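**Q** What follows is each chain in one-letter form.
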Amino acid sequence: MRLRRTRLYIPGNNPHYVESAGLYGADAVILDLEDSVPLDQKFDARILVKYSLQNVDMGRSEKWVRINGVDTPFWEKDLKEVLPFCDVINLPKVESAADLNRVDDVMGAIEEEHGIEKRPVVPIIETIRGLMRAEEIAAHPRVVALAWGGEDLTADLGIPRGKALILDHVRGHIVLAAKAHGKQALDTVYSNVSDMEGLFEYARRARYMGFDGIGVIHPNQVEVVHRAFRPTDEEIEEARRIVQAAEEAEREGKAVVSLNGRMIDRPVVERARKILRYAEVE
Amino acid sequence: MPVNAVGRDVPSEINGVRMKPFAGVGKTPPEGRRAGSLIRMQPSGRSKLVDTIEEVIRKVGLEDGMTVSFHHHLRNGDYVANMVMKTIQKMGFRNIRIAPSAFFPVHKEIVPMLRDGTVRRIEGSMNGPLGEATSYGEMKETAVLRSHSGRVRAIECGEIHIDVAFIAAPTADQYGNLNGVDGPSACGPLAYAMADAQYADHVVAITDHLVPYPAHPISIFQHQVDYVVNVDKIGDPSGIVSGTLRITTSPTRLKIARYATEIIEKVALRDGFSFQAGAGGVSLAVTKFLGELMEKKGIRASFINGGVTKYVVEMLHKGLVDVVFDGQAFDLEAIKSLKEDPNHIETPLAMYGNPHSSGGVVNMIDVGVLGATEVDIDFNVNVNTHSDGLLLHGIGGHQEVAAGTALTLITVPLYRYRVPVVRESVTTVTTPGEVVDVVVTEYGAAVNPRREDILEALRGSGVPLWDIEDLMKKAYSICGKPAEPRTTDEIVAAIQWRDGTLLDVVYRVKRD
Numbered sequence: 041m042r043l044r045r046t047r048l049y050i051p052g053n054n055p056h057y058v059e060s061a062g063l064y065g066a067d068a069v070i071l072d073l074e075d076s077v078p079l080d081q082k083f084d085a086r087i088l089v090k091y092s093l094q095n096v097d098m099g100r101s102e103k104w105v106r107i108n109g110v111d112t113p114f115w116e117k118d119l120k121e122v123l124p125f126c127d128v129i130n131l132p133k134v135e136s137a138a139d140l141n142r143v144d145d146v147m148g149a150i151e152e153e154h155g156i157e158k159r160p161v162v163p164i165i166e167t168i169r170g171l172m173r174a175e176e177i178a179a180h181p182r183v184v185a186l187a188w189g190g191e192d193l194t195a196d197l198g199i200p201r202g203k204a205l206i207l208d209h210v211r212g213h214i215v216l217a218a219k220a221h222g223k224q225a226l227d228t229v230y231s232n233v234s235d236m237e238g239l240f241e242y243a244r245r246a247r248y249m250g251f252d253g254i255g256v257i258h259p260n261q262v263e264v265v266h267r268a269f270r271p272t273d274e275e276i277e278e279a280r281r282i283v284q285a286a287e288e289a290e291r292e293g294k295a296v297v298s299l300n301g302r303m304i305d306r307p308v309v310e311r312a313r314k315i316l317r318y319a320e321v322e
Numbered sequence: 323m324p325v326n327a328v329g330r331d332v333p334s335e336i337n338g339v340r341m342k343p344f345a346g347v348g349k350t351p352p353e354g355r356r357a358g359s360l361i362r363m364q365p366s367g368r369s370k371l372v373d374t375i376e377e378v379i380r381k382v383g384l385e386d387g388m389t390v391s392f393h394h395h396l397r398n399g400d401y402v403a404n405m406v407m408k409t410i411q412k413m414g415f416r417n418i419r420i421a422p423s424a425f426f427p428v429h430k431e432i433v434p435m436l437r438d439g440t441v442r443r444i445e446g447s448m449n450g451p452l453g454e455a456t457s458y459g460e461m462k463e464t465a466v467l468r469s470h471s472g473r474v475r476a477i478e479c480g481e482i483h484i485d486v487a488f489i490a491a492p493t494a495d496q497y498g499n500l501n502g503v504d505g506p507s508a509c510g511p512l513a514y515a516m517a518d519a520q521y522a523d524h525v526v527a528i529t530d531h532l533v534p535y536p537a538h539p540i541s542i543f544q545h546q547v548d549y550v551v552n553v554d555k556i557g558d559p560s561g562i563v564s565g566t567l568r569i570t571t572s573p574t575r576l577k578i579a580r581y582a583t584e585i586i587e588k589v590a591l592r593d594g595f596s597f598q599a600g601a602g603g604v605s606l607a608v609t610k611f612l613g614e615l616m617e618k619k620g621i622r623a624s625f626i627n628g629g630v631t632k633y634v635v636e637m638l639h640k641g642l643v644d645v646v647f648d649g650q651a652f653d654l655e656a657i658k659s660l661k662e663d664p665n666h667i668e669t670p671l672a673m674y675g676n677p678h679s680s681g682g683v684v685n686m687i688d689v690g691v692l693g694a695t696e697v698d699i700d701f702n703v704n705v706n707t708h709s710d711g712l713l714l715h716g717i718g719g720h721q722e723v724a725a726g727t728a729l730t731l732i733t734v735p736l737y738r739y740r741v742p743v744v745r746e747s748v749t750t751v752t753t754p755g756e757v758v759d760v761v762v763t764e765y766g767a768a769v770n771p772r773r774e775d776i777l778e779a780l781r782g783s784g785v786p787l788w789d790i791e792d793l794m795k796k797a798y799s800i801c802g803k804p805a806e807p808r809t810t811d812e813i814v815a816a817i818q819w820r821d822g823t824l825l826d827v828v829y830r831v832k833r834d
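Protein chains in written order, with my numbering: chain P, 41 to 322; chain X, 323 to 834.
No wet-lab data here; the hints were simulated from the structure. Hints should not be assumed to be uniformly reliable.
What the hints assert, rightly or not - Below, in silico cross-link-like pairs of lysine-lysine (DSS-like), each with a Cα-Cα straight-line distance of 27 Å or less:
hint, chain 1, residue 1, chain 2, residue 2
1, X, 832, X, 803
2, X, 796, P, 103
3, X, 408, X, 462
4, P, 120, P, 82
5, X, 462, X, 430
6, P, 103, X, 795
Said to hold, decoys possible - Here are the in silico distance ranges between beta carbons for each label pair:
hint, chain 1, residue 1, chain 2, residue 2, range
7, P, 292, X, 593, 40 to 50 Å
8, P, 320, X, 786, 36 to 46 Å
9, P, 111, X, 710, 48 to 58 Å
The structure displayed is predicted, hence computed values, not measured ones. Ideal Cβ placement from N, Cα and C applies to all residues, glycine included.
Between the sequences and the hints, there should be enough to build the whole structure, so can you do that?
**A** Okay, structure coming up:
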């Protein structure tokens, strides 16, 4: 599965930011047509993003576009212009599998017209209704990862964002819904761009909560988050020993893997392999 | 006009003085003996204190056509050059040549003196308005730009003879002992003014902090100083030093700094290594990142040459470096450290990098990190003009560091405001490509093909490696090919290589 530790949001209406977006080594770059673009610039941004996707070198970053939600008059036009040139569609304010089906139909038609492969979708769950249907959303075949956003949720609940204790539950719910269907879970952004220590702690916490990545809103955040998602030296050392033991057991035709006299279960071996994959990236 | 070793057409004479074309680094050995200043005497009991600048100008016998000098330790907070030049103007002197170590935007008050005939030419660095006025043809004669130590060379060999040196002194006693570490206008070292004090016919100290004899520590000694004038203020502290020099937050610059740090790590980082520090955005970040890396790896440097900031001082105090050589202080921490720490040493500019001496500090530096306004595919660097042809910056220590250090990195963004920085040919050659090793941009680095050893050391590193022409093409693909500056064929400034040969000239820019 592709690493998605960082997804860097770039306003789709700002050529200066767009042209340097690929330089910072984020796992994904999101050219945004939604919240960072004012209503009167939706058309211009769509065209800028369309041509940027074709002409700007995004380096090793996966190319995402956050289109406008299905509750707006823009999303179909967005898809028509950008879908053939991006890797992933990031869809905001998803509340049900039905929302995804509408988008899936339009995407399918464009993909057929252009003779291109099916593009995956990363839906963003931002409402209580969406959260309650997180599992059916995660189960949709287009979906490769679940993301979430807290502003609408906390507004719905009438709780100040910084004090919303329920967000820990929301995070857990998103992770479990995604993992139940073998999808990635992606945490939301850390908005204080000058607090790198806070960002590191936030990203570390996201990792231990089960998330596969977080959103970033400034290029300087990328390296910090990658560091936070890198397994610790102790974790790597332990994982190496486990994988080594598993390989030895396999060579010797043993059904049971044991290390230092303890039996190692299969999921533990799988987790160890995943840790080594993360460790090898840098 | 002869074509020099970097392919530029240069005249054989500037201001009626013969100049040799640049023949390559180290290809023009010096001749003759050092110059000397007027021999003077100071009988016991005669005071050096003079009440006003006007009076001191009379006492030194200034005449039309003479040369006066200033140093730039007070940077954009300097009051002294304006104060003295306005007095010279008021007294009706004409055709004065000024030989400052550098002028800053604050010295724009001198621009009208180019027009009214008070000043015929400036030989020195001009940052901002004076350079711009020169570009538009407002100087009667041709400006001559030299590197910091190239200026010292010119003074020592008599190429520039200074009649009167006016030295801004943050601290002075009544008998002319001076330092820069105390007083309300403290600036740190007085390194730029040391050659002036030694070689000028008359030396005048101007201070706003007169202390009882003897002032101490002493940077410039009493036997070289003829007069002391006490004024209200010699400068504005907020323009002299920065309260808080912050590391850049620009992701592009930080990316460049990280690549530069990785290159240094792969090529030069070892116990006892040395580097040149600076106060520019990328340079400051590299200093910080290097310090962190050295701490992590347990590496100790032998010395840092600066451009001293609090980041360098922190490294000294943490024991990450044995000695700091200081030619210029950029913040209050640097000044305090220079005053208090015996391992923080004030370096005269002649010692820093005069090429015609028995060897400068720059020859002992392993790594130099420098900026540029433009770089070309022959690795030539421009720090003087912008791509519109306007002369807006001095050479500083660029040539010294590039020529002296074992590894010279030029850290630049690939383009600025949609104007390519990496290009086919620089507008003005400040530093020839033969002494430039690596160009580092946010897209990766281009290594000078002369340095196969560096290329080898960087293979497999995290720094993307480019051919310099491909880097240029990348810049052009984003910004388009840059337009030529709109200039006439009138030469307004000469750019000397540090040995005094002519590297390039700057042409007059047409006004819109």
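**Q** Is it true that residue 320 of chain P and residue 786 of chain X lie within 36 to 46 Å of each other by Cβ?
**A** 20 Å, violated
**Q** Between residue 292 of chain P and residue 593 of chain X, does the C-beta distance stay in 40 to 50 Å?
**A** Once the Cβ atoms are compared, 47 Å apart, the range 40 to 50 Å for residue 593 of chain X and residue 292 of chain P holds.
**Q** Holds or violated: 48 to 58 Å for the Cβ distance of residue 111 of chain P and residue 710 of chain X?
**A** 50 Å, holds
**Q** Do the alpha carbons of residue 120 of chain P and residue 82 of chain P lie within 27 Å of each other, as the hint requires?
**A** Holds, because 14 Å separates the two Cα atoms, which is no more than 27 Å.
**Q** Decide if the proposed pair is consistent with the structure: residue 796 of chain X and residue 103 of chain P, CA atoms, cutoff 27 Å inclusive.
**A** With Cα atoms ~20 Å apart, residue 796 of chain X and residue 103 of chain P stay inside 27 Å; holds.
**Q** Taken at face value, is the distance from the CA of residue 430 of chain X to the CA of residue 462 of chain X at most 27 Å?
**A** 17 Å, holds
**Q** Could you grab the alpha-carbon distance between residue 408 of chain X and residue 462 of chain X and see if it respects the 27 Å cut-off?
**A** Measuring from Cα to Cα gives roughly 18 Å; hence the hint holds.
**Q** For the pair supplied as a hint, residue 103 of chain P and residue 795 of chain X, is the alpha-carbon distance within the 27 Å limit?
**A** 24 Å, holds
**Q** Tell me if the straight-line CA distance from residue 832 of chain X to residue 803 of chain X falls inside 27 Å.
**A** 21 Å, holds
Figure legend: structure checked against the earlier numbered hints; the only hint not met is number 8.
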